[in-house]
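Full structure from sequences and hints, please.
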Amino acid sequence: MSASKTIYDKIWDTHLADEADDGTCLLYIDRHLVHEVTSPQAFEGLRLAGRKVRAPEKTIAVPDHNVPTTLDRVNGIDNEESRIQVEALDKNAKDFGIHYYPVSDVRQGIVHIVGPEQGWTLPGMTVVCGDSHTATHGAFGALAHGIGTSEVEHVLATQTLIQKKSKNMKVEITGSLRPGVTAKDITMTIIGETGTAGGTGYVIEYCGQAIEELSMEGRMTVCNMAIEGGARAGLIAPDQKTFDYVKGRPHAPSGADWDKAMAYWVTLFTDADAHFDKVLTIKAEDIAPSVTWGTSPEDVLPIDAVVPAPSDFEDGKVDAVKRSLDYMGLKAGMKLTDVEIDTVFIGSCTNGRIEDLRAAAAVLKGHKIKDGMRAMVVPGSGLVRAQAEEEGLADIFKDAGFEWRMAGCSMCLAMNPDQLAPGERCAATSNRNFEGRQGRGGRTHLLSPAMAAAAAITGHLTDIRTFDGAA
Amino acid sequence: MEKFENVSGVAAPMPLINIDTDMIIPKQFLKTIKRTGLGVNLFDEMRYDSEGNEIADFVLNQPAYRNAEIIVAGDNFGCGSSREHAPWALQDFGVKVVISTSFADIFYSNCFKNGILPVVLPKEAVDALMDDAQKGENARIAIDLENQTVSAADGEEYKFEVDAFKKHCLMNGLDDIGLTMQKVDAIDVFEAKYGESMPWI
Ligand code: SF4
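So the sequences go chain by chain: A and B.
Here the first sequence stands for residues 86 to 556, numbered as in this note's numbering.
Here the second sequence stands for residues 2 to 202, numbered as in this note's numbering.
Hints listed in this document are in silico derivations from the structure and should not be mistaken for laboratory results.
Hints are supplied without guarantee of correctness; some may be wrong.
As the list claims (entries may be wrong) - Restricting the straight-line Cα-Cα distance to at most 20 Å, the calculated cross-link-like pairs of lysine-lysine (PhoX-like) are: (1) A:Lys363 x A:Lys90; (2) A:Lys249 x A:Lys363; (3) A:Lys249 x B:Lys184; (4) A:Lys143 x B:Lys194; (5) A:Lys179 x A:Lys143; (6) A:Lys420 x A:Lys450; (7) B:Lys124 x B:Lys136; (8) A:Lys250 x B:Lys168; (9) A:Lys90 x A:Lys255; (10) B:Lys124 x B:Lys160; (11) B:Lys184 x A:Lys137; (12) A:Lys95 x A:Lys345; (13) B:Lys168 x B:Lys97; (14) A:Lys90 x A:Lys252; (15) A:Lys95 x B:Lys194; (16) B:Lys124 x A:Lys250; (17) B:Lys168 x A:Lys249; (18) A:Lys176 x B:Lys35; (19) A:Lys420 x A:Lys407; (20) B:Lys160 x B:Lys97; (21) A:Lys453 x A:Lys483; (22) A:Lys255 x A:Lys95; (23) A:Lys332 x A:Lys450; (24) B:Lys4 x B:Lys97; (25) A:Lys249 x B:Lys124; (26) B:Lys194 x A:Lys345; (27) B:Lys4 x B:Lys124; (28) B:Lys194 x B:Lys184; (29) B:Lys194 x B:Lys97; (30) A:Lys332 x A:Lys143.
None of these values were measured; they are calculated from a predicted model.
Laid out in structure tokens, this is it:
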């Protein structure tokens, strides 16, 4: 076996608690994040078996998927099932003694935004959550991935996960991004290249100059959508930006522990001659502001392209494209910039951080959204919301005609009342454009926060590079 | 978990690629705090119109497939979210086996925790089985987990791979947590040593 290792190999080796003769491994879990939708059955399982949470101090819960994002939510949740689910999490957090950020807490927000914000997510960790976008935490050089509810119960009970090691994949983005191109465009372009199954069986390491040049927020956006490419996880080597972001956060180490942690964190890089099973290289200058046209995240094109035809594809994709064009109400050959939008949603664990709100506000400043447009911005956490208010971003959104909401998942998956009506077309900064994702019959175009803001003003998908605000 | 028994029966053909977990069980059914009862909402938005009436040409609404225990699906079945509600809904409906060229990672492992066998076969084999599935009750497909084979209606046999540990658990109806609990000493030892070298965690 070669001594050269990838970051993934290093984190894996450090966390291997047991390896059986048949190769089945127990991976030790440093952080277990929990939300209300995928956990009730797991806690119920613990109760039935008379088990407790093995490491409550490493377990953090926050309700996000179901919570209303309207200002009146302090009065409670109207939808009975949602309320029961959130109340179940309240109770489970209390009964099992785990860290908890209830709806009333200013630190509440989308679990993948709260974790890093509070310093729970640190380099070199293993992080799991009953949620596929756990990959977000990979931005810190952590091994982070989604798990099912049975696995949630397994981690609660044992602080380990039964795993087989994945393969290593490298995605390198060379050079620097062009103006108007963002982390969202990087991650969507990668999925366009690999397809939604291209990363299946792999842990991706994102690297290269364009990745290094991204802020931590941008890196989280890139890793967030690793799952849309099918990968088990995506991660980025920690560097000074990572350490600066982490330092001083409530649950980050301090004093002597900080020094010890740093000594470990600086070893988290991929050795020069480490082996990757698959490599993809993209030139940053070839990445354009991008948008999805279909109902799979792989259905992505540069904004100046036209809607493709089924005949542009092969095999099973031909029928899939027919179906998605029909669902999306689009005709082949139509310019993407001619696609008219009814609703704009800015938020989610992909693009609900402060940098995303700044980018959108920069475009909106001094503008009004188009007449009849429904536009909402849902900050990723209460703290992002507070910061945006302090920076004056909230006023820019409100003046432009956006609704300024409380934190949560909201219209990313529309489990709360924020939903699209059948046929309604939405420019969304979230991560999934599946049929019905934002409401039955709703049509989703994924894009960056700046492009979402531009679409809100013009009323159609808009190339941010040529947007002059006059349209 | 119940032991996985060999299956022989009608397979529902779903040639669409990238069938995602939002299609398998839309989000409005994730509000439950139970694991059971999701079968009626399996593929809800493909299966029922907005009034709740069955859409006649959806495969599971057709007489031949109403009790299908097998699904033959296009590539990358189960992509999307980690919701275990997807295998819960399949299981509650009565699906025991899903056959495809590929599955999304989390969905794949979720299936095993719920007594469902996801079978990966090469494209030619899935295409042939899809043809069989289209014949409804005129073609039966048989799955033998012990021998790791799928038999088509014409007797053609396809071997499939499955992880030995997962197979063992499925065949014996074993619960992972109970098995891992038997290793609690190893976890204790690891945790103590690890905690010493990484005191900030
Ligand atoms: S914001 Fe969307 S993708 Fe992120 S955790 Fe919430 S529902 Fe999932």
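Each hint, compared with the structure:
no.: 1; hint: A:Lys363 x A:Lys90; result: holds (15 Å)
no.: 2; hint: A:Lys249 x A:Lys363; result: holds (18 Å)
no.: 3; hint: A:Lys249 x B:Lys184; result: holds (17 Å)
no.: 4; hint: A:Lys143 x B:Lys194; result: holds (17 Å)
no.: 5; hint: A:Lys179 x A:Lys143; result: holds (15 Å)
no.: 6; hint: A:Lys420 x A:Lys450; result: violated (27 Å)
no.: 7; hint: B:Lys124 x B:Lys136; result: holds (19 Å)
no.: 8; hint: A:Lys250 x B:Lys168; result: holds (18 Å)
no.: 9; hint: A:Lys90 x A:Lys255; result: holds (13 Å)
no.: 10; hint: B:Lys124 x B:Lys160; result: holds (13 Å)
no.: 11; hint: B:Lys184 x A:Lys137; result: holds (16 Å)
no.: 12; hint: A:Lys95 x A:Lys345; result: holds (17 Å)
no.: 13; hint: B:Lys168 x B:Lys97; result: holds (14 Å)
no.: 14; hint: A:Lys90 x A:Lys252; result: holds (12 Å)
no.: 15; hint: A:Lys95 x B:Lys194; result: holds (17 Å)
no.: 16; hint: B:Lys124 x A:Lys250; result: violated (25 Å)
no.: 17; hint: B:Lys168 x A:Lys249; result: holds (14 Å)
no.: 18; hint: A:Lys176 x B:Lys35; result: holds (16 Å)
no.: 19; hint: A:Lys420 x A:Lys407; result: holds (17 Å)
no.: 20; hint: B:Lys160 x B:Lys97; result: holds (18 Å)
no.: 21; hint: A:Lys453 x A:Lys483; result: holds (9 Å)
no.: 22; hint: A:Lys255 x A:Lys95; result: holds (15 Å)
no.: 23; hint: A:Lys332 x A:Lys450; result: violated (32 Å)
no.: 24; hint: B:Lys4 x B:Lys97; result: holds (11 Å)
no.: 25; hint: A:Lys249 x B:Lys124; result: violated (25 Å)
no.: 26; hint: B:Lys194 x A:Lys345; result: holds (15 Å)
no.: 27; hint: B:Lys4 x B:Lys124; result: violated (29 Å)
no.: 28; hint: B:Lys194 x B:Lys184; result: holds (16 Å)
no.: 29; hint: B:Lys194 x B:Lys97; result: violated (42 Å)
no.: 30; hint: A:Lys332 x A:Lys143; result: holds (19 Å)
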